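Engineer: Each chain is listed here by its residues.
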Amino acid sequence: MVISPIDTATPSISTDTVRYIAYLIRLKILDEETKVFSQQFSQIIEYFQLLNEIDTREVPPANENCPMNNVFRDDQVLPSMSREEFLNNLPQHEGYYVKVPLIFDDR
Amino acid sequence: MNTIKYEPIIGLEIHAELLTITKMFCGCSADHSSLLEPNTLICPVCTGLPGAMPVLNKKAVEQSILVGLALNCTINEVNIFARKNYFYPDLPKGYQISQYDHPVASDGWLDILDENEGTRQRVRIRRAHLEEDTAKLMHKGNFALIDFNRAGVPLLEIVSEPDMHSVQAILSYANKIRAILRYLGVNSGDMEKGVLRFEANISVRPLGSQELNTRTEIKNLNSFRSLTQASSYEINRQIDLYNNGLDVNLETLGWDEVKGETYSQRGKEEAHDYRYFPEPDIPPILVDRSWVQTISSQLPELPDAKNKRFMEEYGLSLQEVRSLTYEKEFADFFEKVVTLSSSPTKMIYNWLTGEFTRQINERNIDIQKIPVTPENFAQLLDLFSSRVINDFTAKEILVEIFISNKNVRDIISEKGLLQISDENYLTDLINRILSENPDPVKQYLAGKESLFQWFMGQVSRETKGKSDPQVVRQLLQKILKNNN
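Chain order of the listed sequences is A and W.
Here the numbering used here is used: the first residue of the first sequence is 1, the next is one more, and so on.
Here the numbering used here is used: the first residue of the second sequence is 1, the next is one more, and so on.
None of these hints come from the bench; they were simulated from the model.
Fair warning: this is a prediction, and the values are worked out from it, not measured in the lab.
The reader is advised that the hints may include incorrect statements.
[To be verified] Okay, derived cross-link-like pairs now, DSS-like style, lysine-lysine, Cα gap no bigger than 30 Å in a straight line:
#1 W:Lys140 to A:Lys99
#2 A:Lys35 to A:Lys99
#3 W:Lys369 to A:Lys28
#4 W:Lys448 to W:Lys346
#5 W:Lys193 to A:Lys28
#6 A:Lys99 to W:Lys219
#7 W:Lys219 to A:Lys35
#8 W:Lys406 to W:Lys466
#9 W:Lys478 to A:Lys28
#10 W:Lys415 to W:Lys336
#11 W:Lys136 to A:Lys28
#12 W:Lys448 to W:Lys478
#13 W:Lys308 to W:Lys336
#14 W:Lys219 to W:Lys193
#15 W:Lys193 to A:Lys99
#16 W:Lys481 to W:Lys442
#17 A:Lys99 to W:Lys84
#18 W:Lys369 to W:Lys336
#19 W:Lys136 to W:Lys84
#20 W:Lys466 to W:Lys442
#21 W:Lys176 to W:Lys140
#22 A:Lys28 to W:Lys219
#23 A:Lys99 to W:Lys346
#24 W:Lys406 to W:Lys308
#25 W:Lys93 to A:Lys99
#26 W:Lys346 to W:Lys336
#27 A:Lys35 to W:Lys415
#28 W:Lys346 to W:Lys136
Start from the sequences and build out the full structure, keeping to the hints where you can.
Structural biologist: Dropping the structure here:
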């Protein structure tokens, strides 16, 4: 289900992949950092390759943390939270609006 | 030069806001009208505060199943929510809770009429899945201002197969989906409030060819007008490109309403890499057959079935029936009037789709809030068809009841609007008018028959429009003949 450019057959994560991941989550990253993360990510992925040694063909994918289903709430209004408190805990707001920097495509 | 004929291939995604009382994953009210102050319907869940746990609104699932059934879909036994990851401030969690490979409903269909050819055509529905709406974003200089009132409102995304081949077909399809959602009571259909939003996938190919050319996707179309205009523009743009030996790029487009052009979108919509994975906070939903059956029993009569019944019961044509059934409330109103009134059904139809609709349009009245009661309207029509009042007066009273919905009989007695069909009175009146106008009489008798209408008009004027035109006509003919 996960769509990613990560090739699971060869677990090593290139510096380009690190840059791509940083772009997707809009984080600035230095060249030195891409090398560090490339190594660390690769180690993590390689470690998880251990799981490939187990035969899971008969095991359905886990879609939940605990064996539950059909957890619902009724369609009833509950009190909302205080707008003042919410806004005052933000870095910036303008009037009653949350204020954030615009997102640019900076790739 | 040979001009190649092209055929458009169009698929539509419709995002419909569901009419639940609360949002999809929290107890905040979902009634996010633009009249509200910003950020008044918010809580830790819909503002994406860390640690907040979403709990699914059962009603949203039930409404989605209802739509799936109405669109002839398979209702999937296992529903799994998924995280669709993307970074944008209208989505504070960094992901949207949506459904991916286990949607509520899949593989349905809807029959539409292509208005141009009047032929019935089947549009396959690929899937319908639930997702949460995003916050509203306003750009201001180098900043964006966010209102979270809409964030987390349940949306049903209905995805068609690329089965439509004209702008007319898209319009028929979109209109029909809107009507069905309204019939089901799961969407207000109020386009101005953005409760229905469209995305069109468009490609073109030479007519008769089986190849599939590159398609483009137009996002954020919020009205039927922008849907049809943008689609039509995009079809022509692609044809022009091919005619000039150029290619269509696979891309996401926006629609510039002011310029009337599609434009390439950058940023948020580019580089789709949503990294879907199962939402760990929402356990799977298992939909068993008895639940589907319970919901299925709530299915109301849908537009197609109503059309068929109206044609059979009321002897109206398909075209006539469709103008009544497009809005459920209008169809209900018609049926109530038919039950209450002793006037011919065809006459009720004519009045409803004529003068009555004109009043609704002129006064910009919401069809869900017709100010006139069926009882009063039925009485008006009956008084007209039994000739207690004439056509002119009936129209005058119709305007009056649109303003006040005062009882029709009260208006008539207050204003003295009873039709005058007393033959003695009218004979005297006609004789007087003829004697006061010897010249027109002479001209009429000499063969200028068009003057007959003028005499009719004189009588109507003298009676302030209350004379019974049928009686006047007969009397006038008789008296003029005797004058000869």
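Engineer: Hint by hint, say whether it matches the structure.
Structural biologist: The hints, checked one at a time:
This hinted pair checks out: Lys140 (chain W) and Lys99 (chain A) have alpha carbons roughly 9 Å apart, not beyond 30 Å. With a C-alpha separation of about 34 Å, the suggested pairing of Lys35 (chain A) with Lys99 (chain A) is violated against the 30 Å cut-off. Among the hinted pairs, Lys369 (chain W) with Lys28 (chain A) is inconsistent with the structure: their alpha-carbon atoms are about 54 Å apart, more than 30 Å. Taking the CA atoms of Lys448 (chain W) and Lys346 (chain W), the gap is about 36 Å. The hint is violated against a cut of 30 Å.
For the suggested pair Lys193 (chain W) and Lys28 (chain A), the alpha carbons sit about 38 Å apart, so the restraint of at most 30 Å is broken. Proximity of Lys99 (chain A) to Lys219 (chain W) is assessed by CA-CA distance (about 25 Å); at most 30 Å being required, the pair is judged to hold. The hinted pair formed by Lys219 (chain W) and Lys35 (chain A) fails the criterion: a straight-line CA distance of about 38 Å is larger than 30 Å. Restraint check for Lys406 (chain W) and Lys466 (chain W): the C-alpha separation of about 20 Å stays at or below 30 Å, so the hint holds.
For the suggested pair Lys478 (chain W) and Lys28 (chain A), the alpha carbons sit about 97 Å apart, so the restraint of at most 30 Å is broken. For the proposed pair Lys415 (chain W) and Lys336 (chain W), the alpha carbon gap of about 28 Å is at most 30 Å, so the pair holds. Between the alpha carbons of Lys136 (chain W) and Lys28 (chain A) the distance comes to roughly 26 Å, so the proposed pair stays at or under 30 Å and holds. A hinted pair counts as satisfied when its Cα atoms are at most 30 Å apart, and Lys448 (chain W) with Lys478 (chain W) qualifies at roughly 17 Å.
Simply put, Lys308 (chain W) and Lys336 (chain W) have alpha-carbon atoms about 18 Å apart, close enough for the 30 Å limit, and the pair holds. Distance check on the hinted pair: Lys219 (chain W) and Lys193 (chain W) sit about 17 Å apart at the alpha-carbon level, within 30 Å; holds. Note on Lys193 (chain W) and Lys99 (chain A): the hinted pairing holds, with a Cα-Cα distance of about 24 Å set against a maximum of 30 Å. With a C-alpha separation of about 12 Å, the suggested pair Lys481 (chain W) and Lys442 (chain W) falls inside the 30 Å cut-off, and the hint holds.
Of the pairs offered as hints, the one joining Lys99 (chain A) and Lys84 (chain W) holds, with about 24 Å between alpha carbons and a cut-off of 30 Å not exceeded. For the hint pairing Lys369 (chain W) with Lys336 (chain W), the CA-to-CA distance comes to about 15 Å; that is within 30 Å, so the pair holds. Restraint check: the Cα-Cα separation between Lys136 (chain W) and Lys84 (chain W) comes to about 18 Å, which is no more than 30 Å; the hinted pair holds. Distance restraint check for Lys466 (chain W) and Lys442 (chain W): the Cα-Cα separation of roughly 27 Å lies within the 30 Å cut-off, and the hinted pair is therefore satisfied.
Straight-line distance between C-alpha atoms of Lys176 (chain W) and Lys140 (chain W) comes to about 37 Å, which puts the hinted pair past the 30 Å bound. This hinted pair checks out: Lys28 (chain A) and Lys219 (chain W) have alpha carbons roughly 29 Å apart, not beyond 30 Å. For a cut-off of 30 Å, the pair hint linking Lys99 (chain A) to Lys346 (chain W) is broken: about 59 Å separates their Cα positions. Between the alpha carbons of Lys406 (chain W) and Lys308 (chain W) the distance comes to roughly 35 Å, so the proposed pair goes past 30 Å and is violated.
Only pairs whose Cα atoms come within 30 Å are accepted, and Lys93 (chain W) paired with Lys99 (chain A) is accepted, the gap being roughly 16 Å. Of the pairs offered as hints, the one joining Lys346 (chain W) and Lys336 (chain W) holds, with about 14 Å between alpha carbons and a cut-off of 30 Å not exceeded. Using a Cα cut-off of 30 Å, the hinted pair Lys35 (chain A) and Lys415 (chain W) is violated, with the two alpha carbons roughly 91 Å apart. At most 30 Å may separate the alpha-carbon atoms for a hinted pair to count; Lys346 (chain W) and Lys136 (chain W) exceed this at roughly 47 Å.
Violated hints for the displayed structure, listed by number in ascending order: 2, 3, 4, 5, 7, 9, 21, 23, 24, 27 and 28.
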